[in-house]
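Undergrad: Letter by letter, the chains look like this.
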Amino acid sequence: MSEVELTRERVEDALFRAGYWLLFGIVMLPIVVVFATSFQQGEYLTFPPEGVSLRWYAQFFASAEWLSAVRDSVVIGVGAAVLSTALGVTGSLAVQRSDSTLARVLPPVILLPLLLPPVVIGLTLLIYFNRVGFGSTYLTIVIAHALWATPLVFFVMQSVFARFDWDLRDAGMDLGARPSRVFYHVVLPNVRSGVVISAVVAFIVSLQEFIMALFLKSYEVQTVPVLAWTSLQSSLTPLVSVVSAFLVGVSILGVLVSAALMNIEWLAEQL
Amino acid sequence: MSESTFAWLGERIKRRDAGSVFLIAPLAAFELVFFVVPFLILVRMSLNANADPGFYQPAWTLEAYRAVLASGLYRDLVVFSFELGVIATVIAVSLALFYAYAAYRATGLRKSLLLFSIILPLLTTLVVKTYAWRPLLAPNGVLNDVLVGAGLIGSPIQFAPGIVGTVIGQVYIVFPYAVLSIYSVLSTLDWDTVEAARDLGASRPRSFLEVVVPEALPGIAVATVVSFAWSVGAYAAPSQLGSGAQTTFAMEIESLMLTQFDYPTGAAFSLLMLAAMLVVSLGVMRLLTGSIGGVEGV
Numbered sequence: 001m002s003e004v005e006l007t008r009e010r011v012e013d014a015l016f017r018a019g020y021w022l023l024f025g026i027v028m029l030p031i032v033v034v035f036a037t038s039f040q041q042g043e044y045l046t047f048p049p050e051g052v053s054l055r056w057y058a059q060f061f062a063s064a065e066w067l068s069a070v071r072d073s074v075v076i077g078v079g080a081a082v083l084s085t086a087l088g089v090t091g092s093l094a095v096q097r098s099d100s101t102l103a104r105v106l107p108p109v110i111l112l113p114l115l116l117p118p119v120v121i122g123l124t125l126l127i128y129f130n131r132v133g134f135g136s137t138y139l140t141i142v143i144a145h146a147l148w149a150t151p152l153v154f155f156v157m158q159s160v161f162a163r164f165d166w167d168l169r170d171a172g173m174d175l176g177a178r179p180s181r182v183f184y185h186v187v188l189p190n191v192r193s194g195v196v197i198s199a200v201v202a203f204i205v206s207l208q209e210f211i212m213a214l215f216l217k218s219y220e221v222q223t224v225p226v227l228a229w230t231s232l233q234s235s236l237t238p239l240v241s242v243v244s245a246f247l248v249g250v251s252i253l254g255v256l257v258s259a260a261l262m263n264i265e266w267l268a269e270q271l
Numbered sequence: 001m002s003e004s005t006f007a008w009l010g011e012r013i014k015r016r017d018a019g020s021v022f023l024i025a026p027l028a029a030f031e032l033v034f035f036v037v038p039f040l041i042l043v044r045m046s047l048n049a050n051a052d053p054g055f056y057q058p059a060w061t062l063e064a065y066r067a068v069l070a071s072g073l074y075r076d077l078v079v080f081s082f083e084l085g086v087i088a089t090v091i092a093v094s095l096a097l098f099y100a101y102a103a104y105r106a107t108g109l110r111k112s113l114l115l116f117s118i119i120l121p122l123l124t125t126l127v128v129k130t131y132a133w134r135p136l137l138a139p140n141g142v143l144n145d146v147l148v149g150a151g152l153i154g155s156p157i158q159f160a161p162g163i164v165g166t167v168i169g170q171v172y173i174v175f176p177y178a179v180l181s182i183y184s185v186l187s188t189l190d191w192d193t194v195e196a197a198r199d200l201g202a203s204r205p206r207s208f209l210e211v212v213v214p215e216a217l218p219g220i221a222v223a224t225v226v227s228f229a230w231s232v233g234a235y236a237a238p239s240q241l242g243s244g245a246q247t248t249f250a251m252e253i254e255s256l257m258l259t260q261f262d263y264p265t266g267a268a269f270s271l272l273m274l275a276a277m278l279v280v281s282l283g284v285m286r287l288l289t290g291s292i293g294g295v296e297g298v
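Same order as they appear, the protein sequences are chains A and B.
As numbered in full-length UniProt numbering, residues 1 to 271 make up the first sequence, in order.
As numbered in full-length UniProt numbering, residues 1 to 298 make up the second sequence, in order.
Looking at chain A on its own, in the form it has when it is part of the complex (with noise of 0.2 Å):
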C-alpha cells in the first residue's frame, strides 16, 4: 500500500470517528438538557441552567394534579402491557403453529396501526368510543395503546417462537400432557424472557404515548405527558424537567429490572 493511500485511509478514519461522536453528542444532548435543567432554580427554563436546587423536584412531589397523572400513566402502562402480551403472545402462538387464512391475514392488519399517523387513530377511536358510549377513559386509552404495542410484542415473539424447538412441544403432547399443562411447564421456560421483554417494551410504549392519550384524555384521567403538553402550552417551565426525568428513569429502571430479573433466572439455572 502506498502512502498516499495510508495517508487517506487514516483521514477517512478520523472523519468517520469525528462523524459518529458528533451524531452521539447530539442525540445526547436534549436528554442531558433535560436531566440539568430539572435541578435548576430560576422561574423559567434556561440552559446551561443557573443555580443548583431542588425546588422543582419539591413541586412535583407535592403537586396532587402531577400524582394523580403519574397514577394514571402507571395504571395504563400496566393495563396496555398486560392486554397487549396477552393478545400478542398467544397470537403469535397460533400464527406460529397454523397455516389458516386468519393466521396470513392478521400479521399485516395488526402491523397497520404502527404506519399510520398516530392522530389518526387518536381521531378513528375518538369518534368510534363517542358513537359506542365507552364509560372509562382508562379503558381506552388502554385499547389505544394495546393496538401499537401489540404488533411490537406479536413480532418480539415471532422471532422467540420461531427458535424454539417444537419437537419438545410435541414430545410433551405425545406423553398425553394437555395443551395448557404443555404450554405452562415446557414451552413458557423457554420463551419467558421473550415475554418479560415484550411486556416491558409495551410497558414503556404506553408509558411515553402522548398523542392517542391527549384525544382520549378526559377531565378526570390524563397521563403525564399529556400533562406536561397541556402545562408547556402557558409557559416552559423546569418542572416539565423534572417530570421529563422521572420519566426516562422510571423507564431505564423498568429494563434495569426486568435485565435483572432475566440474569437472576440464568443464575439460578446455573447453579
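Just so you know, the hints here were simulated from the structure itself, not pulled from any lab data.
Keep in mind it's a predicted model, so treat the numbers as computed, not measured.
All C-beta atoms, glycine included, are put in the ideal place defined by N, C-alpha and C.
Do not take every clue at face value.
[Stated by the list, open to error] What the simulated footprint calls covered on chain B by chain A, stretch by stretch (three residues with Cβ under 8 Å from a Cβ of chain A suffice, anywhere in the stretch; the number is not a length):
| hint | segment |
| --- | --- |
| 1 | 154-164 |
| 2 | 212-225 |
[Claimed, not checked] Examples of chain B residues lying across from chain A (beta carbon under 8 Å, computed):
| hint | residue |
| --- | --- |
| 3 | Pro38 |
| 4 | Phe80 |
| 5 | Phe82 |
| 6 | Val86 |
| 7 | Arg134 |
| 8 | Ala197 |
| 9 | Tyr235 |
| 10 | Ala267 |
[What the hints assert, rightly or not] What follows is a list of derived Cβ distance ranges for each label pair:
| hint | chain 1 | residue 1 | chain 2 | residue 2 | range |
| --- | --- | --- | --- | --- | --- |
| 11 | A | Trp166 | B | Leu278 | 33 to 39 Å |
| 12 | A | Trp166 | B | Ala70 | 28 to 34 Å |
| 13 | A | Val109 | B | Ala70 | 51 to 57 Å |
| 14 | B | Ala276 | A | Arg181 | 50 to 56 Å |
| 15 | B | Thr259 | A | Arg131 | 18 to 24 Å |
| 16 | B | Gln57 | A | Gly135 | 22 to 28 Å |
| 17 | B | Val21 | A | Gly25 | 49 to 55 Å |
| 18 | B | Phe116 | A | Tyr184 | 53 to 59 Å |
Given the coordinates of chain A, work out where chain B should sit on it, guided by the hints.
TA: Quick look at chain B alone, frame taken from chain A:
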C-alpha cells in the same frame, strides 16, 4: 379417495391443534372490534353533514370532502406536511445508515455507548424530545451563542420557532427507529463479505456502497416507510418548534376534532391524507425496487 389423501388428512388433523383457533380468536376479535370497525365508522362519519357548532347531521353526502378539497388553506397544509415528511425522512435515513454502520463496526464499550444512545431516546416521550430543543435553538439559545461566539454569524438566527427547529425536532423523533431498523438488518451481515470486496481492490467507500448498502436495503426500506409515515403526520415537533408557518395536517386535525368538534371534516381530511400517503409510499417503493432492479441488471 386414495390412501395418500387420507394419510395427508390425518397428518393435517394431528398437526393442527384445535387450540390454535382459540389462541388466535382474542387477537383477531380485538383487531376487528377496535381497529377495523372504528375505521369503518370513520368512513361513515366522513359522509355525514357538518352542523355547527360541534354537531353533525346524519346524512350521505360528500360535502366534507368537497370542503377539504376546495380549501386553499388545507392544500397548503398538505403540501407542507409532505415536504416536511420528505425532508425529515431523507435526513433521518441517511444519518441513520451512517450511525447504524458505525454501531455495527464498533466493538466493546464503544458499541454499547452507541446502542445506548439509540435506546435512551426511545424511552423518552415525544413531548420531552421536542421541548428540550427549545433552549438550544432559541434566538438567545446555546447554538446561537456558540455560532456568534465563533464569529460564524453576525447576529443570532431564529432556528426555533421556525422551519429549522421543526426539521431538527422531527428528525430527532424518527432517528432512533430508523437506526434500529437498519442496525437489525446490518447485524446479520458477515464482515468477511466486505473484506473480500476490499481484497479484490474495492475502495472503502465503494465497498460500502456496493456491499453494505445493498445488504441493508430491507432495513433502509423499513426505516424510510416508518420515518415518512410519522413525519407526514408530525404533530409534536411543528407545534413545539415551529412558528405559525409550520402548521401540519396533524395539527389541523387536532384543532378540528378537539377545538372545533367538526367530526365530518376531520374524518374526511384524514381519509384523503391517508390516500395521498398511500399513493406516495407506493410510488417510492416502486422507485426503490426499480433502482434495485437496475443495479442487479448491471
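Undergrad: Evaluate each hint against the coordinates.
TA: Hint check results:
Residues of the segment 154-164 of chain B lying with their CB closer than 8 Å to a CB of chain A number 0, which falls below the three-residue condition for coverage. Here's how the segment 212-225 of chain B fares: 1 of its residues keep a CB closer than 8 Å to some CB of chain A, so the rule of at least three is not met and the hint is violated. For Pro38 (chain B), the interface hint holds, the least distance from its beta-carbon to any beta-carbon of chain A being 4 Å, beneath 8 Å. At a threshold of 8 Å, the smallest CB-CB gap from Phe80 (chain B) to chain A is about 14 Å, leaving the interface hint violated.
Against a cut-off of 8 Å between C-beta atoms, the interface hint on Phe82 (chain B) is violated, since the closest Cβ of chain A lies about 12 Å away. With 8 Å as the threshold, the beta carbon of Val86 (chain B) stays out of range of chain A, its nearest partner Cβ sitting at about 15 Å, so the hint is violated. A hinted interface residue such as Arg134 (chain B) counts as satisfied when its beta carbon comes closer than 8 Å to some beta carbon of chain A; here the least separation is about 6 Å, so the hint holds. Checking Ala197 (chain B) against chain A: minimum C-beta separation of about 16 Å lies over 8 Å; hint violated.
The closest approach between the C-beta of Tyr235 (chain B) and any C-beta of chain A is roughly 6 Å, which is under the 8 Å cut-off, so the hint is satisfied. Nearest Cβ of chain A to the Cβ of Ala267 (chain B): about 7 Å, under the 8 Å cut. The hint holds. A hinted range of 33 to 39 Å holds for the C-beta pair Trp166 (chain A) and Leu278 (chain B), which are about 38 Å apart. Restraint check, Trp166 (chain A) to Ala70 (chain B): a C-beta distance of roughly 58 Å breaks the suggested window 28 to 34 Å.
Checking the proposed 51 to 57 Å range against Val109 (chain A) and Ala70 (chain B) shows it is violated: the Cβ atoms sit about 34 Å from each other. Between Ala276 (chain B) and Arg181 (chain A), the C-beta spacing of about 52 Å keeps the proposed range 50 to 56 Å intact. Taking the beta carbon of each, Thr259 (chain B) and Arg131 (chain A) are about 20 Å apart, inside 18 to 24 Å as hinted. The hint said 22 to 28 Å for the Cβ distance between Gln57 (chain B) and Gly135 (chain A), and at roughly 26 Å that hint holds.
With their beta carbons about 53 Å apart, Val21 (chain B) and Gly25 (chain A) fall inside the hinted range of 49 to 55 Å. For Phe116 (chain B) paired with Tyr184 (chain A), a C-beta distance near 35 Å fails the hint of 53 to 59 Å.
Of the numbered hints listed earlier, those contradicted by the structure are 1, 2, 4, 5, 6, 8, 12, 13 and 18.
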